[in-house]
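J.: Take a look at the letters that make up each chain.
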Amino acid sequence: MNLLSVSNLNVNFHMKEQELAALIDVSFTLNRGERIAIVGESGAGKSVLGFSIVNLIGKPGYIASGSIKLENKDITQMNLRQLQEIRGKRIAMIFQDPMMTLNPVLTIGDQLVETIRSHTKISYKDARNIAIEKLHNVQIASPEKRFDQYPHELSGGMRQRVIIASVLLLNPDIIIADEPTTALDVTIQAEILQLLLAICRDNGVALVLISHDLGVVSKVAERTIVMYAGRVVEEGPTLEIINDPQHPYTQGLLNALPQMTLPGQRLNQIQGSMPSLAERPSGCAFHPRCPYATERCRQEQPSFIYSGVSSVACFLVEDMLNEFAEQDKEVNE
Amino acid sequence: MLIFLLRRLIQACFVMIIISVISFAIQDKLGDPVQQMVGMSVSTEERNQLRNELGLNDGFFSQYWRFAKGAIHGDLGTSYYYKEPALDVIFKKLPATLELAFCAILVVILVATPCGVLAAIKPKHIVSRLLMIMSSIGLSVPIFIIAIFMVYIFSIELNVAPSFGRGHTTELFGLWESGIFTKDGLKHLLLPTFTLAIALMPIFVRLIRAEMMEVLQSEYIRFAWSKGLSASRIYFVHALKNTMLPVITVGGIQAGTLVAYTILTETIFQWPGMGFLFMDAVSRVDTPLISAYLIVVGGMFVITNTVVDLIYGLVNPTVRLASHGL
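Residue numbers (the UniProt record's numbering), protein chains in the order written: chain A, 1 to 333; chain H, 1 to 326.
In case anyone wonders, no lab produced these hints; they're calculated from the structure. On a predicted model such as this, the values are computed, not experimentally measured, just so you know. Heads up, a few of these hints could be off.
[What the hints assert, rightly or not] Covered stretches of chain H (chain A as the covering partner; in silico rule of three or more C-beta atoms under 8 Å from a C-beta of chain A):
1) 6 to 17
2) 74 to 81
[Claimed, not checked] List time: in silico DSSO-like cross-link candidates among lysine-lysine, alpha-carbon distance up to 27 Å:
3) A:89 - A:16
4) H:187 - A:59
5) A:145 - H:241
6) A:89 - A:121
7) A:73 - A:89
8) H:83 - A:59
9) A:89 - A:69
10) A:125 - H:93
11) H:122 - A:16
12) A:59 - A:89
13) A:145 - A:125
14) H:93 - A:59
15) H:183 - A:16
16) A:125 - A:89
17) H:93 - H:83
18) H:124 - H:241
19) A:145 - A:121
20) H:92 - A:89
21) A:121 - A:73
22) A:16 - A:73
23) H:241 - H:69
24) H:83 - H:69
25) A:69 - A:59
26) H:241 - H:93
27) A:121 - H:241
28) H:124 - H:93
29) A:73 - A:59
[Unchecked claim] Distance ranges between label pairs, derived from CB positions:
30) H:317 - A:29: 37 to 45 Å
31) H:110 - A:155: 39 to 47 Å
32) H:217 - A:85: 23 to 31 Å
33) H:110 - A:117: 50 to 58 Å
34) H:231 - A:27: 27 to 35 Å
35) A:62 - H:9: 39 to 47 Å
All C-beta atoms, glycine included, are put in the ideal place defined by N, C-alpha and C.
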C-alpha cells in the first residue's frame, strides 16, 4: 500500500464574490522512503498542496473534495484532535523562511521539547535528551548551549538546522519541505540540502520537496510532479523529466535554468506570467504562454496520458503519440 | 542591567527637574493662597506681611531656588491648609490611591486578556462581537457617567455596594492604612475599582485582540500548528507571549491615564486618596500641596515606566537591557 495517496484533490479559496480553485483534481502517491518533488512557478499551487496534506491551508482556503489517505486513514475527514496526532508525529513540515518559523520569545529547547511532550508521555529530562541528540544529528555544535538560546541568537542556516532537528524529533514517516533553502545564503543552501537528503535516506523518511528550482530537485528527488495553475501537468521520474520533458511548460522551466544559457547571453524565459486564480484561461491553462497552442488547447482541458514512464496532460504529446501509433500500425500492416 | 538602571536614574533626575519647574511655575497662576488662608477681615497690610513671611513676594527664581533646595532634602514645602509637610500629607493618602489603582489594574488584566484573546481567536462568535460593541461604547462614554450609573444601579437600586468612602481600614506596619483586609473595606473598593477598570478596559481588549490576530497570522504560529501542538498551547504560550509585548508598552503609558482617571473616580466616590486630596488642594489654592502632588505623580510615572521596561526586557529575549540601555 502507498504511504500517502492524494486523489482528485480540489482546494478552493472562499472569496466574497466567488469560489476560486487553487488546486484542481490533483492526484499523486508517495511510497515509504520515497523522495518526490513538486515544482512550478509561484502561484502554481505547490505550497497550497504541501499545506493541504496536513490540512493546514490558511483561511479562506479549504479542501472542497477529494481524499488524502495516509495509509488507509483519510486526512480530509479527520477532526482537529486526530490531525494534531498526525501533525509532527507522522507528517512534519519544514517551512520556507527559518527566520520566521521559530517563535522569537521561546528558547530553542522549549520549542523542541514541547513537540515531543505534546505527542508522547515523557519526562522533561528525557525529552531534553532526545532534543539534544537530534540537534547533534543535524550537526549543530555544542547543542547543550544552543538548547537554552533564543532563535535570534542563531544564524539563518543554523535555524534551518534547528527546524530540521525539530521535524526529526518524533521520527515521522513523511517530511514536507516547502522551499527549505530559498531563504538561505547560496553557500548554505547546498549544505542544508545535503543534510536533508542524508537524513531522509538514513532514516527511511519519505520527502515531499516543494521547490521552483529544478537544479535542487534533480539532486534530491526520485520523482517529480510539475504543477501549473493548480493542476498537475506532468509527472514522472526526475531523470526522465529533466532529460526528456514532455509538457511545453516543463520544457520552458528547464530552458529557463541559468545553466541552459551561455555566459553573457540573455537568460531564457517563458513568455508571460502565471495567471491569477481569478483569471484562469479556458482549456489548458498554459495555452496563452505555450508556443505550440492550437484551437483545441484553448477550448478543452487535456487529460492525462501515459508516455513511457511519465504521464503528461498535453494535446501535443497526445497527438504525437497517436501519430506514432498509426505509423506503427502502418508498418505492421 | 545595572547600566540600564543607572541611565534610567539620570533620565529620571532630568524628568523630575522639569516637572518641578513646571509645577512650581503654575503656583502663582492658581489664585491667591493668602486670600484662602485669612478670609475677608484681615487688612491689606497684614496680608502683605504674611506674604513676606511666606516668601511669596520674592522673584520667581529665588522662590524656585528655595523650593529646589528643600526638595533635594525631601522637603516639598508645607501645606497651607494642613500645616504639615506636603509630602507627609500626600503619603498618608497614597495607600488609598495605590490600592485602588492596583485593584483596577488587576481587574483589567484578568478580564481584558481573556476577552481580547477570545475576540481574536473567534472573531465571528457572538460574544466577540458583543465585546467589540461594548468596548466601542466604553471608549466613548466618559468615566463620570459610568460612575454615576454604577452608583445608581449597585448602590441605590440593588444596594449591594456602598457608594462613597473607604469603609473600615486596618493599619499595616503602622504606616500603611489598608482597606483590602476587611470585608467592609473590600466592599467599598468594589465600585471605584470597577469604574476605573471599565474606563481602561476597552483600549486593552481592542489592543490585545488586534495584536493577537496579527500574531496568529505569523509563520511561527503556523509552524506550531504543523508540529501538532494543542490549541491551548498555541494560543496561550506561542501567541499570547508575543501579543503581550506591545501591550506591556501601552500599559506603561496607560499608567499615566490611570492617575488622571483616579482623580475623577476618587472625587465621585469620595475616595480619600491622592486624587481627592489634589482636588481639595486646588480648590483651597494650597499651592505647596499641588506642586508636591505633581512631583509625586511624576515620580510614580518614571518608576512605572522603568518597571515596565524591565518587564519588557524579561519577556522579550531580543531586548538586552545592558547593551542597549533602551
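J.: Which earlier hints turn out false for this structure, listed by number in ascending order?
T.: 1, 2, 3, 4, 8, 10, 14, 15, 20, 22, 23, 26, 28, 33, 35
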